[in-house]
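**Q** Each chain is listed here by its residues.
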Amino acid sequence: AQSVTQPDIHITVSEGASLELRCNYSYGATPYLFWYVQSPGQGLQLLLKYFSGDTLVQGIKGFEAEFKRSQSSFNLRKPSVHWSDAAEYFCAVGAQEYGNKLVFGAGTILRVKS
Amino acid sequence: DTGVSQDPRHKITKRGQNVTFRCDPISEHNRLYWYRQTLGQGPEFLTYFQNEAQLEKSRLLSDRFSAERPKGSFSTLEIQRTEQGDSAMYLCASGLAHYEQYFGPGTRLTVT
Chain S
1 AQSVTQPDIH
11 ITVSEGASLE
21 LRCNYSYGAT
31 PYLFWYVQSP
41 GQGLQLLLKY
51 FSGDTLVQGI
61 KGFEAEFKRS
71 QSSFNLRKPS
81 VHWSDAAEYF
91 CAVGAQEYGN
101 KLVFGAGTIL
111 RVKS
Chain D
1001 DTGVSQDPRH
1011 KITKRGQNVT
1021 FRCDPISEHN
1031 RLYWYRQTLG
1041 QGPEFLTYFQ
1051 NEAQLEKSRL
1061 LSDRFSAERP
1071 KGSFSTLEIQ
1081 RTEQGDSAMY
1091 LCASGLAHYE
1101 QYFGPGTRLT
1111 VT
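Here the protein sequences line up with chains S and D, keeping their order. Its first residue numbered 1, the first sequence is counted upward by one per residue in the numbering used here. Its first residue numbered 1001, the second sequence is counted upward by one per residue in the numbering used here.
Calculated directly from the structure, the hints in this document are not laboratory data. Accuracy of the hints is not assured; some may be wrong.
[Unchecked claim] Now the in silico label distances, taken between C-beta atoms and shown as ranges:
{"no.": "1", "chain 1": "D", "residue 1": "Leu1060", "chain 2": "S", "residue 2": "Thr5", "range": "19 to 29 Å"}
{"no.": "2", "chain 1": "S", "residue 1": "Lys113", "chain 2": "D", "residue 2": "Ser1062", "range": "22 to 32 Å"}
{"no.": "3", "chain 1": "S", "residue 1": "Ser18", "chain 2": "D", "residue 2": "Gly1016", "range": "50 to 60 Å"}
{"no.": "4", "chain 1": "S", "residue 1": "Arg69", "chain 2": "D", "residue 2": "Ala1097", "range": "20 to 30 Å"}
{"no.": "5", "chain 1": "D", "residue 1": "Gln1017", "chain 2": "S", "residue 2": "Thr55", "range": "46 to 56 Å"}
{"no.": "6", "chain 1": "S", "residue 1": "Ser39", "chain 2": "D", "residue 2": "Gly1085", "range": "43 to 53 Å"}
Note that the coordinates shown come from a computational prediction; the quantities given were computed from them, not determined experimentally. Where is the CB? At the ideal position from N, CA and C, for every residue including glycine.
Next comes chain S alone, as it looks inside the complex:
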């Protein structure tokens, strides 16, 4: 069965510190990979995407993510976190054999301490 795993339910980082949020997926072929951010009570905003090519992708708000095929991972990173980055982050995967939908992980809640 398809699955997307975000191992960390909560992460707390200090403002200005670096951040890495983990995402692992279980699909056979190279999937389409996404990271979204959601503030409380709001919809999801697309941060970045990976379809093919360079495995390091840049997104909005200073975020980047790296696709590692050997580890089936697509981890999200930011070199210096701002208090406004506090939100919930979702990794999502699309794959042709699973139809038109995105399959989402359960999310990681990021807390930023000053």
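Dock chain D against chain S, hints included.
**A** For chain D alone, coordinates are given in the frame of chain S:
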């Protein structure tokens, strides 16, 4: 670009009542998706339209749920005979490229 809009933003209803939600996608987007999100979970896929055709439905979409997209523009999601388990955030997304989806603010449904 005005983004995806959804109406209403919040809906409180009593068990057994019918509710209808509306989604207006980004105007040039031909793909439209509905998802449901419960507390502490990621969104779960409900259904997908390409233009006016409903091409995919999740097994989550019981016969109490129906979605339409007349003329390939806005979409509606109706839930008949609501149950407390239907309480969730209902998210609409639209897109042009396969899988690349832009989400609306969602409709929060509370069934009492």
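**Q** Are the hints correct? Go through all of them and say.
**A** Going through the hints against the structure:
| no. | hint | result |
| --- | --- | --- |
| 1 | D/Leu1060 with S/Thr5: 19 to 29 Å | holds (20 Å) |
| 2 | S/Lys113 with D/Ser1062: 22 to 32 Å | violated (43 Å) |
| 3 | S/Ser18 with D/Gly1016: 50 to 60 Å | holds (51 Å) |
| 4 | S/Arg69 with D/Ala1097: 20 to 30 Å | holds (22 Å) |
| 5 | D/Gln1017 with S/Thr55: 46 to 56 Å | holds (50 Å) |
| 6 | S/Ser39 with D/Gly1085: 43 to 53 Å | violated (26 Å) |
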